[in-house]
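Visitor: Work out the full structure, taking the sequences as your base and the hints as a guide.
There are 2 protein chains.
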Amino acid sequence: RMSEKLDKNRTILLRKRHVGPSCKIFFSHDPLKIVKAKGQYMYDEKGQRYLDCINNVAHVGHCHPDVVKAGAEQTELETLTLLLEGKKATFLALCYLSGLSYSEANDLALRLARHFTGHRDVITLDNAYHGHVSSLIDISPYKHHQLPDAERNPYVHVAPSPDVYRGKYRADHPDAATAYADEVRDIIDRAHERGGKIAAFIAESLQSCGGQVVPPVGYFQQVAAHVRRAGGVVIADEVQVGFGRVGSHFWAFQLQGDDFVPDIVTMGKPMGNGHPLSCVVATPEVAEAFASCGMEYFNTFGGNPVSCAIGLAVLDVMEKEDLQGNAARVGRHLTRLLAEQKQKHPLIGDVSVLLKGRGLFVGVELVKDRVTLAPATAEAQEVINRLKEEKILLSADGPHRNVLKFKPPLCFTAQDADLAVEKIDLVLTGASPAPFAQ
Amino acid sequence: RMSEKLDKNRTILLRKRHVGPSCKIFFSHDPLKIVKAKGQYMYDEKGQRYLDCINNVAHVGHCHPDVVKAGAEQTELETLTLLLEGKKATFLALCYLSGLSYSEANDLALRLARHFTGHRDVITLDNAYHGHVSSLIDISPYKHHQLPDAERNPYVHVAPSPDVYRGKYRADHPDAATAYADEVRDIIDRAHERGGKIAAFIAESLQSCGGQVVPPVGYFQQVAAHVRRAGGVVIADEVQVGFGRVGSHFWAFQLQGDDFVPDIVTMGKPMGNGHPLSCVVATPEVAEAFASCGMEYFNTFGGNPVSCAIGLAVLDVMEKEDLQGNAARVGRHLTRLLAEQKQKHPLIGDVSVLLKGRGLFVGVELVKDRVTLAPATAEAQEVINRLKEEKILLSADGPHRNVLKFKPPLCFTAQDADLAVEKIDLVLTGASPAPFAQ
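Top to bottom, those sequences are chains A and B. Counting from 1, one number per residue, gives the positions in the first sequence under UniProt numbering. Counting from 1, one number per residue, gives the positions in the second sequence under UniProt numbering.
Please keep in mind that the hints were generated in silico from the structure rather than gathered at the bench. Bear in mind that the values here come from a model prediction, so they are computed numbers and not experimental data. Certain hints may be false.
Said to hold, decoys possible - Facing chain A, according to a computed beta carbon distance under 8 Å, are these residues of chain B, among others: (1) I12; (2) L13; (3) Y43; (4) R49; (5) S103; (6) R111; (7) S134; (8) K391; (9) I392; (10) L393; (11) P409; (12) D416; (13) L419; (14) A420; (15) V421.
Cβ atoms here follow ideal geometry from the backbone N, Cα and C, with glycine treated the same way.
Guide: This is the structure we're talking about:
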């Protein structure tokens, strides 16, 4: 697959089909197809050599052997278009390869939303984390909460997290999805009263840092209706939860049902398996609006061939090793084992599939009291430290840092799940008689 | 060098010495030193295996052979601390490895400045380009100019570019450095009158996209005095011009003399030779202020070992092949050849060392008239298209897109310079009798 060559016209065609029109290329009236480079020279598909006076990024020379050897081997070509063609199977829309970090992807998503709508206000969820550049810290209460005197961005509105375990409306509510969505509707109404206009609602399809939150089915559909009626768009952040992790579906937003499709989807981390690679997918309408604003999207590393080669390899491995199926199977097994632990250890508040996770994305709520749900924060810290002594790496997260958070590589096996839960059992049992103290 | 192993205590020591305190690590009371990883397992320096339930980034398994093969081979360990130790020779201060893109680096620099000063206003130069995320588009008039109805950020002030070729004060001015610096002083005064407080002045040490602008010596010193008196800091953006490109010095800001040192320096592109790697260096005071604000700096890819291995290799190649010396020698030769062309072709407005570039960072101003300096924009486009036919890749930039912009890889030779200038001569001669038309 990787070794197949595309002719130049097909490369141009695929690029037009998949790459957002704001991503300009050099010599657009007659583009060069550069297939390799060495030192100060670049070579086109016919082997014609060009002297490169432009490329200050290849500082010590293109593909310097020492640099290649030290880190990255750009083994093949055509990777951007092939990667996008490969992704087509799972998602049909126009892509901006935003290049590197999920922060670049989410920042670009906000810009796309604001250009498309001409509006400025953004609604985000409480405890959300969307990235570490300025524009995203603004919409990340998870980061805000660390700053006692955080200056709030007046265009950002925070809706309650649709957490049916410890949120405002819980599992015993007759229609938590509607109740949480109505909160968003009320925020929109209040923003309108003050002259605001909604550009976007942004949310992780399942909140990760926010405490492994699974929104009730129907929530995103109703939110999308409210937001679109206000002229805004819906952005699904799949950076942590996409790419088959939830097992039953490739994208976590699909858990809401076939009647929900976001306007913009952002993806990152898993796409490159640790190598920096991120992407923004938008409806053609949204992408066109950005293109027609006249500002091109330029990113030195956007669609770079090494990253794209890695992205392709990740998609291939996913398929070849049926990792989505594995996430579904092992996730079920893990959740069942954890549910058994809940019978044994009062410290475990909840691990249920509906409330705390799907596939290989599972949270274990540790509570001091199953009625008050008082978070067992120090205990969670102690558990992860003791697990480390048992050679198990697990983290605790959520607004109260009391949720044990499983999000392992997707090659995690049933035996791994057995081992991890056995050690959790051991740690909780050893700690059982007296309450933990840090 | 790369194969030498550090013991864990030395790793911790070097990390403390060079990495900003806001960059937290897992298990900070007793950190793990992970030296390799495979599938769902990580291994410490003693070979002890840990089951990894955390790492959703290594989506298909750590170091999956297909992924490694496709793109990156993490050949060695210890790379972050060794990279920073290596850089110490050239720059002494506390680093934040911001991870990937120069945009992340510049955004982080603004955040550092705002935390340190408690102020919000930023002064940037006209035609500046500092990156493509929202906060940086705000301070990049190069991008603003593309948007007719750009919403200006009220906290951003634009000072004239210190361009002594076609700017407000020119080479014939008795003291252009002071005149341009006084403009910054006046902006500060006006901001103060309206209740603003200056957090930072940011500038590329030489403007690149802005048209290869060399600020007159003494400019940054005087600007720094005005800005610091107002409680602000000075950020030097070395993303395009650092790492030995200017030949005489490693950093372009050093061209101003030993009496100028910025408070924050950002670096990117050349540091990774095309591989994503960027860095923010700040004085210890600035770094400490950020640490004490309580918000940690987290970046999934910050200081990732592949990038750092590449960064180390780049520094080694720079030294082994004396690329800074080469930039000085070949840059002098290239500038001399281009100056000869200026005698022959009236279209060339200027190429002088003092005005348009240093080392292997050289601009050739194309003008319709050497007195009015009317920019020869269409002609510049035609020249780069004809050069492409001659297999020479060169770009045109600057606010009028009329500056031919040399910024090749640093392995560029005198023969390459001969060839490029010979072809420029050919193109300009062929075009000579009649003025160009696009």
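Visitor: Out of the numbered hints, which ones does the structure contradict?
Guide: Of the numbered hints, 1, 2, 3, 15 do not hold.
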